[in-house]
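S.K.: Taken in order, these protein sequences are the chains called A and B.
Take the first sequence: its position 169, counted from the start at 1, is 655 in my numbering, and no numbers get skipped.
Take the second sequence: its position 244, counted from the start at 1, is 298 in my numbering, and no numbers get skipped.
There's no promise every hint is true.
So the derived label-pair ranges between C-beta atoms look like this [stated by the list, open to error]: (1) B:I68 - A:A569: 35 to 41 Å; (2) B:V326 - A:T848: 56 to 62 Å; (3) B:F108 - A:K672: 36 to 42 Å; (4) B:L69 - A:D730: 54 to 60 Å; (5) B:S118 - A:M794: 48 to 54 Å; (6) A:K643 - B:V81: 43 to 49 Å; (7) A:A832 - B:L141: 56 to 62 Å; (8) A:A569 - B:L195: 47 to 53 Å; (9) B:F210 - A:S631: 56 to 62 Å; (10) B:L115 - A:S685: 40 to 46 Å.
Taking lysine to any residue and the SDA-like style, the derived pairs with C-alpha atoms no more than 25 Å apart in a straight line are [said to hold, decoys possible]: (11) A:K862 - B:L99; (12) A:K591 - B:A188; (13) A:K827 - A:F851; (14) A:K674 - A:N699; (15) A:K672 - A:D730; (16) A:K591 - B:D102; (17) A:K687 - B:D102; (18) A:K866 - B:D102; (19) A:K790 - B:G187; (20) A:K687 - B:G187.
Keep in mind that the hints were calculated from the coordinates and are not lab data.
Using N, Cα and C, we set each Cβ at its ideal position, and we do this for glycine too.
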Amino acid sequence: MTKKIDDTTRYERLRERMGNGDIDRRSFLGLLGAAGITTGLSGGMMTTMARQARAAGTELHFEGWGGVVSEALRKNAFDPYEAASGNTVIDATFGGENEVLTKIKAAGNTEGHNILHSSGVSWYKRWVDNDMHSTLNEANIPNMSNVMTAMTDAFRKITPDGLSAVPYNYGTTGIAYNTKYISPEKAKELGANLLLDPSLKGKIGGWGGDWANRAWYGALQSGQDPNNIQDWDAVWDKARAHRDLVLKYWSSGAELMDLLAKEEIYVTEAWSGRVAALQAQGHPIAYMDPPNGLAWMESMFVLKGSPMEAAEELLNFMLDPATSIAVASGQKYPSALDPTKVKMPADVQALPAFDPTGKLETLVFRDPSTWNPEEKAQSKTWNRVQKGG
Amino acid sequence: MSDQSLPADRRPWILLSPALVFITALVVVPMAFILVYSFYENIDLAQDVPAFQFGNWQELLTDSYYRTAIWKTLRLSLIVTGLAAVLGYIPAYVIAMTRYRHKWLLLLLLIIPFWISFIIRTLSWIHIFGNQGALNGLLGLLGLTEAPLSIMYTEFTVIVGFIHVFLPYMILNIYVSLEGIDQNLEPAARTLGATPWQAFREVTLPLSLPGLAAGCLLVFVLTGGSYVTPLILGGPSDFLFGNLVYDAVVTELNWPMGATLSFALLLFLGSVVVLYSKLMGMDQLSKAFGR
Numbered sequence: 487m488t489k490k491i492d493d494t495t496r497y498e499r500l501r502e503r504m505g506n507g508d509i510d511r512r513s514f515l516g517l518l519g520a521a522g523i524t525t526g527l528s529g530g531m532m533t534t535m536a537r538q539a540r541a542a543g544t545e546l547h548f549e550g551w552g553g554v555v556s557e558a559l560r561k562n563a564f565d566p567y568e569a570a571s572g573n574t575v576i577d578a579t580f581g582g583e584n585e586v587l588t589k590i591k592a593a594g595n596t597e598g599h600n601i602l603h604s605s606g607v608s609w610y611k612r613w614v615d616n617d618m619h620s621t622l623n624e625a626n627i628p629n630m631s632n633v634m635t636a637m638t639d640a641f642r643k644i645t646p647d648g649l650s651a652v653p654y655n656y657g658t659t660g661i662a663y664n665t666k667y668i669s670p671e672k673a674k675e676l677g678a679n680l681l682l683d684p685s686l687k688g689k690i691g692g693w694g695g696d697w698a699n700r701a702w703y704g705a706l707q708s709g710q711d712p713n714n715i716q717d718w719d720a721v722w723d724k725a726r727a728h729r730d731l732v733l734k735y736w737s738s739g740a741e742l743m744d745l746l747a748k749e750e751i752y753v754t755e756a757w758s759g760r761v762a763a764l765q766a767q768g769h770p771i772a773y774m775d776p777p778n779g780l781a782w783m784e785s786m787f788v789l790k791g792s793p794m795e796a797a798e799e800l801l802n803f804m805l806d807p808a809t810s811i812a813v814a815s816g817q818k819y820p821s822a823l824d825p826t827k828v829k830m831p832a833d834v835q836a837l838p839a840f841d842p843t844g845k846l847e848t849l850v851f852r853d854p855s856t857w858n859p860e861e862k863a864q865s866k867t868w869n870r871v872q873k874g875g
Numbered sequence: 055m056s057d058q059s060l061p062a063d064r065r066p067w068i069l070l071s072p073a074l075v076f077i078t079a080l081v082v083v084p085m086a087f088i089l090v091y092s093f094y095e096n097i098d099l100a101q102d103v104p105a106f107q108f109g110n111w112q113e114l115l116t117d118s119y120y121r122t123a124i125w126k127t128l129r130l131s132l133i134v135t136g137l138a139a140v141l142g143y144i145p146a147y148v149i150a151m152t153r154y155r156h157k158w159l160l161l162l163l164l165i166i167p168f169w170i171s172f173i174i175r176t177l178s179w180i181h182i183f184g185n186q187g188a189l190n191g192l193l194g195l196l197g198l199t200e201a202p203l204s205i206m207y208t209e210f211t212v213i214v215g216f217i218h219v220f221l222p223y224m225i226l227n228i229y230v231s232l233e234g235i236d237q238n239l240e241p242a243a244r245t246l247g248a249t250p251w252q253a254f255r256e257v258t259l260p261l262s263l264p265g266l267a268a269g270c271l272l273v274f275v276l277t278g279g280s281y282v283t284p285l286i287l288g289g290p291s292d293f294l295f296g297n298l299v300y301d302a303v304v305t306e307l308n309w310p311m312g313a314t315l316s317f318a319l320l321l322f323l324g325s326v327v328v329l330y331s332k333l334m335g336m337d338q339l340s341k342a343f344g345r
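Isolated chain A, as found in the complex (with noise of 0.2 Å):
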């Protein structure tokens, strides 16, 4: 004897095989209409759920950092994947992930924020002691096998018990500079000092948004290991000299661009994708990492509250070989993937801090043990020291 079903019942379970890839859309909402037509329901409960189905892609919202990183994420990861899954992703741009803390504080919800372009270990290890991190079911990304395994652990540390979010590209922040007034060797000899030489005061740029940045700086300008800082008035120092040879601190990667292209400065830490990305453009703009120079990784963070399933959908999309490399091209960061399991193009190869062997471990990344703990204090320094104090 067959059970007789409801079509409520049948509705769910005909969405739940579209979900599972049983069939595809196209049939699924086919088989609702025909429903529809054979029940004679037109007006009732199949329209209705017909009529939802239609709309039933779910939003995401993604914050990144603008400028080519979120051209490269639109066009080679989002529109693809919203014309694949009938999702929507609405993406937003941020100066920092600080920024969306203190909206979704001031909100005392995360409504609005599911996907962050964050960056680094330290504010994952902030986003989840602020209790606003998901927890991924990793078998729904199965392409998380071919990330790097260097960088899933430094994560996997902070929250043992699953992942908030997927590696997806690593940089370096080196020294930007202007080979029309600087040349290489002059570069090459001073290193981090060359952001302090004098004869180019007023023709020298600094990043004004993270305090870490400016004390790694710090650190490498007077000499000690910036994983281990022990003199800080030492470092405060020497980013007030900088300070007083700065014509402006940069607060985003577009006017980091902005600033170098037209020459209002002719040398900067910088982010090395956005250098390979004015280097395309056909400026004269060379970049170089001093030794020690800061690594940094950044990831696909997952915020609480957010539609799971969809949300690891994107990230899977996101990772796959095709995506993950076509947005490396656009956005000049190397990807996570393991150059040692996944083949990267000559282009991705030649990308600024591309490590072939997949390991890492020729880069300095920000040990998270000894930054975090002075992040209070002197951030709060950096703050005055950038303002003339």
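Chain B: place on chain A using the hints.
M.R.: Here is chain B on its own, set in the frame of chain A:
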């Protein structure tokens, strides 16, 4: 007699009540929350605990860093207000006194900039004063300079940015005040032997002072509460008190200190309004609008 006048006395309050309700709900209550938050304690980044302690206020009052910021804010606001008053009076006078039939067109020209985003208008100065901007391009074309002048990211560009944005507020206030002046007064002064300059100085200028003062108050308060313009157009040392609020709330994730600074800024700008009220009388504001 008093019985009959009572309903009339209540009418202003009845008419004001919707505005008062909105102001209470949208200004007074949030500011009260901010005041309460200023006594909380920030134990780590983005982690605040309810408390009743004066640590944030003590830091504000004893740290010279904040006094410097107040001084810079006061100084820059006065400069912008002074320049806006001088630069704004002339077009306001021209618009008020012109016999041009389509005066509305001139007023429309004043309002048109408001149709464009404030941020876009501010950013546009980079394309005018920048190394490869219009001004340096023109100077180079005329052979007046060999290398581009470094104009951007200075106090000058911050002042220009402020005046550009706030000038229409000044012009409109002065214009409304000038419009309310009897146009026969200046000719009358002239017939009594005054020179054109004397007639303006002794008759028109004093009568337009309420509008000028209202415009000054508005520009001063708007400048004093700003933080975006110095962020975009200024160099490292060009900041206002509002930038410290931004630093505390957004970059240091220290809301209690941000709340303290916000409330201090409110008190600072509020004291300017009180001072205005003492010097000019708040009733002068209504005169500025021709009543």
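S.K.: State for each hint whether it applies.
M.R.: Consistency of the hints with the structure:
1. B:I68 - A:A569: 35 to 41 Å: Since B:I68 and A:A569 have Cβ atoms about 59 Å apart, the given range 35 to 41 Å is violated.
2. B:V326 - A:T848: 56 to 62 Å: Holds, since B:V326 and A:T848 (Cβ atoms, about 58 Å apart) stay within the stated range.
3. B:F108 - A:K672: 36 to 42 Å: violated, 53 Å
4. B:L69 - A:D730: 54 to 60 Å: 57 Å Cβ-Cβ, so the 54 to 60 Å window holds.
5. B:S118 - A:M794: 48 to 54 Å: Holds: the Cβ-Cβ distance is about 50 Å, inside 48 to 54 Å.
6. A:K643 - B:V81: 43 to 49 Å: holds, 47 Å
7. A:A832 - B:L141: 56 to 62 Å: holds, 58 Å
8. A:A569 - B:L195: 47 to 53 Å: Roughly 49 Å apart at Cβ, these two residues keep to the hinted range, so it holds.
9. B:F210 - A:S631: 56 to 62 Å: holds, 57 Å
10. B:L115 - A:S685: 40 to 46 Å: holds, 42 Å
11. A:K862 - B:L99: The hint holds at about 6 Å.
12. A:K591 - B:A188: violated, 43 Å
13. A:K827 - A:F851: Given pair A:K827, A:F851 holds - Cα atoms ~23 Å apart, limit 25 Å.
14. A:K674 - A:N699: holds, 20 Å
15. A:K672 - A:D730: Since the Cα atoms of A:K672 and A:D730 sit roughly 21 Å apart, the hinted pair holds (cutoff 25 Å).
16. A:K591 - B:D102: holds, 11 Å
17. A:K687 - B:D102: Violated. A:K687 to B:D102 sits at ~41 Å, over the 25 Å cutoff.
18. A:K866 - B:D102: Status holds; Cα separation ~16 Å.
19. A:K790 - B:G187: It is violated: about 46 Å lies between the C-alpha atoms, which goes past 25 Å.
20. A:K687 - B:G187: At roughly 21 Å apart (the allowed maximum being 25 Å), B:G187 and A:K687 satisfy the hint.
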